[in-house]
Amino acid sequence: MAVTAGLSKALDKAYEGKTLPELLDAPVAALAGVSDGDAEKLASAFNIKTVRDLGTNKYFHLAQSLVALAEHHD
Numbered sequence: 368m369a370v371t372a373g374l375s376k377a378l379d380k381a382y383e384g385k386t387l388p389e390l391l392d393a394p395v396a397a398l399a400g401v402s403d404g405d406a407e408k409l410a411s412a413f414n415i416k417t418v419r420d421l422g423t424n425k426y427f428h429l430a431q432s433l434v435a436l437a438e439h440h441d
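All letters in the sequence shown, in the order written, are residues 368 to 441 by my numbering.
In case anyone wonders, no lab produced these hints; they're calculated from the structure. Everything hinted at is true.
Derived pair list, reagent style EDC-like, types lysine to aspartate or glutamate, alpha-carbon separation capped at 20 Å:
no.	residue 1	residue 2
1	Lys-416	Asp-379
2	Lys-408	Asp-379
3	Lys-376	Glu-389
4	Lys-416	Asp-403
5	Lys-385	Asp-420
6	Lys-380	Asp-392
7	Lys-416	Glu-383
8	Lys-425	Asp-392
9	Lys-416	Asp-392
Derived Cβ-Cβ restraints for the label pairs, each shown as a range:
no.	residue 1	residue 2	range
10	Thr-386	Ala-410	22 to 30 Å
11	Asp-441	Leu-387	32 to 40 Å
12	Ser-411	Leu-391	20 to 28 Å
13	Lys-380	Asp-441	42 to 50 Å
14	Asp-441	Asp-392	36 to 44 Å
15	Gln-431	Asp-392	20 to 28 Å
16	Asp-441	Ala-412	33 to 41 Å
17	His-440	Asp-392	33 to 41 Å
18	Lys-416	Lys-376	20 to 28 Å
19	Asp-441	Ser-375	36 to 44 Å
20	Gly-384	Asp-441	40 to 48 Å
Ideal placement from N, C-alpha and C gives every residue a C-beta, glycine not left out.
Input sequences plus hints: build the corresponding full structure.
As structure tokens, then:
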């Protein structure tokens, strides 16, 4: 089943209508605003090649956690 949760502005046109597994295995350039050059830099710096790699990267998880903690900091 294709993902239709209003992601058209978040995805490159070529990836609209793909299934969730296809999106997760797609190159990071499938995300709108991520160029092939950006994708090359992510691959070089963090070995991130797919959307799944980006979403599960430990450094990005840590950064998201720190931001969430800061939102609740007094």
